[in-house]
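Peer 1: So the protein lines, in turn, are chains A and B.
First residue of the first sequence: 1, per UniProt numbering; consecutive thereafter.
First residue of the second sequence: 1, per UniProt numbering; consecutive thereafter.
Accuracy of the hints is not assured; some may be wrong.
[Claimed, not checked] Calculated Cβ distances over 10 angstroms to all of chain A for the following chain B residues:
(1) Ile51
(2) Leu63
(3) Gln75
(4) Thr174
[What the hints assert, rightly or not] In silico SDA-like cross-links for lysine to any residue, where the CA-CA straight-line distance does not exceed 25 angstroms:
(5) Lys23/A x Gly228/B
(6) Lys179/B x Gly91/B
(7) Lys23/A x Arg226/B
(8) Lys23/A x Glu230/B
(9) Lys23/A x Gly46/A
(10) Lys23/A x Gln21/B
(11) Lys20/B x Ser244/B
(12) Lys179/B x Met198/B
[Stated by the list, open to error] From the structure, some residues in chain B lie toward chain A, with a derived Cβ separation under 8 angstroms:
(13) Asp132
(14) Thr136
(15) Ser138
(16) Thr139
(17) Thr189
(18) Asp193
Calculated directly from the structure, the hints in this document are not laboratory data.
Positions of the beta carbon are idealized from the N, C-alpha and C atoms, including for glycine.
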Amino acid sequence: MSTPPVSTPKIRIRGLHKAFGSKIVLDGVDLDVETGTSMVIIGGSGSGKSVLLRCILGLIEPDAGTIEIDGENLLTASRSRQDVLRRQIGMLFQNAALFDSMSVGENVAFGIRAKHSDRNGPPPSRTQALQMAGDLLKQVGLDPSVGDLSPSELSGGMQKRVGLARAIAGNPNIMFFDEPTTGLDPIMGAVIDGLIVDCVQKLGSTAIAITHDMASAQRIGNRAAMLYHGRLIWQGEASELMHSGNAMVDQFTHGRREGPITMELRK
Amino acid sequence: MNAVLDPIAALGRAALGLIKQAGALALFALEALSHLVRPPFYWRIFFSSLIETGFFSLPVVALTALFSGAVIALQSYVGFGQYHVQSAIAGIVVLAVTRELGPVLAGLMVAGRVGAAMSAQIGTMRVTDQIDALTTLSTNPMKYLVTPRLLAGTLALPCLVLVADILGVMGGFTVSVAKLGFSPSTYITATLDSLKTMDVVVGLVKAAVFGFLIALLGCYNGYNSRGGAEGVGSATTAAVVGASILLLLFDYLLTDLFFSQ
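Bound-form chain A, shown alone (with noise of 0.2 angstroms):
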């Protein structure tokens, strides 16, 4: 009898290790990120959750572990190798971190003409760059026009369309949300969530979002995973999260003062 094939997910993350000084901040992190999944963590501040976004992305270097994507270890593999594999990743940040010294539009582009592969021809020139921006801002509910403005006359869930925009540019498969909510009032998160939801369907990507609005990982998410100290303590399914089980997730999410999560003042 033979045993069935077992998929490779996605991303697989082995024993990450990271830490800044004497403070560990991821300790040995397992995480397996199936095709297709939106994956939402959770966790409160300082329990590692944008590290470990920053590990996967190549902006931190971890101390130890494996990040593999589609089976292949991105820490070992050489710098150009690491460059195409990390094509493939789009990314949202918190504060969308337009580049102020760009045109809306241009930032767009921007991404448009970063994330062209030459596989696909030769990259678009700048005007064509910009048409296509425009056609991306209207794909998250902004009219072309604002591309002639800069992201400082900009509200902050404008901020975060562009930023869309903008990460979704090079058609990734992988996508990384980092906070996409905070800021933003409950009509403009769900908004923002929605856009979210709808882009990563299009593009048939694996996403991980890292959040604390529960509101938001459940509208994101079909798994979740909470990170504690490092260490991630819970995972399941999203719409589990409000009722997990686990002591620790249940006073999170429902932000209990009472419970084993106690809240430590630095010394």
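Here the structure of chain A is known, so what remains is to put chain B in place on it, guided by the hints.
Peer 2: Leaving out everything else, chain B in the frame of chain A:
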């Protein structure tokens, strides 16, 4: 015992810190330079930095050079009057301007104006995740932000110094002729007699080195800034102070290299 050892230990720590900083700066420079020969090169960033460093620094450098030349002429006239060698003023002005004042004053002005701006711009990009965003968009931040600015600084400052040399000599000429009673033709002849190609060339070489250092310190401090607005402010201060000190150090070293007997 501690009273004796503690200051020595502090001195040792400071020295080690300085060496570590110098090493980090050298590695940063080498990495940025390595991108000069590896495509793509971001020409738009290069040209915009060139205009920002060269063209927009022109007024402040021009005024500084003009008044410096005028002041040297005036001071030399008073000082040399005691020895009845006022005729040497034209030579003194042209030598001082081309060898020292042109490159150094232009460098200090550009360090204050452009070095600070580079540091603040890149530092702000760092603390607002824009540099990380570049990486996630498959764009090497060193190649995109630093390399074009280093090249622009290295090329722009010699052009500025050439202008500063001309205006500095003109400042000395104007004061000497209009105020001190020199004959224009005598002054010009004395200037040309004293002017050597080597002086101008060395001045321009110094300027290229200063331009590189200003851009390097501006980019390095901005790139490594941390901690929000305060961090960007500290990085900007460190960029200007560091560039000014390095500029004067390299001025001495280059002068010793080219002019010492």
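Peer 1: Now tell me, hint by hint, if it's right for this structure.
Peer 2: Now the hints, each set against the structure:
1. Ile51: Non-interface label on Ile51/B holds, nearest chain A Cβ at 14 angstroms vs cutoff 10 angstroms.
2. Leu63: holds (28 angstroms)
3. Gln75: Gln75/B is indeed farther than 10 angstroms from all Cβ atoms of chain A, at 44 angstroms.
4. Thr174: holds (40 angstroms)
5. Lys23/A x Gly228/B: Holds, at roughly 21 angstroms.
6. Lys179/B x Gly91/B: holds (18 angstroms)
7. Lys23/A x Arg226/B: Status holds; Cα separation ~18 angstroms.
8. Lys23/A x Glu230/B: Between Lys23/A and Glu230/B the Cα gap is close to 24 angstroms, so the pair holds against 25 angstroms.
9. Lys23/A x Gly46/A: Holds: Lys23/A and Gly46/A sit about 11 angstroms apart, inside 25 angstroms.
10. Lys23/A x Gln21/B: holds (24 angstroms)
11. Lys20/B x Ser244/B: holds (20 angstroms)
12. Lys179/B x Met198/B: The hint is violated at about 30 angstroms.
13. Asp132: holds (5 angstroms)
14. Thr136: holds (4 angstroms)
15. Ser138: holds (5 angstroms)
16. Thr139: It holds, given that the least Cβ distance between Thr139/B and chain A is near 5 angstroms, below 8 angstroms.
17. Thr189: This interface hint is violated because 50 angstroms lies over the 8 angstroms limit.
18. Asp193: violated (49 angstroms)
Checked against the numbered hints listed earlier, the structure breaks hints 12, 17, 18; every other hint is satisfied.
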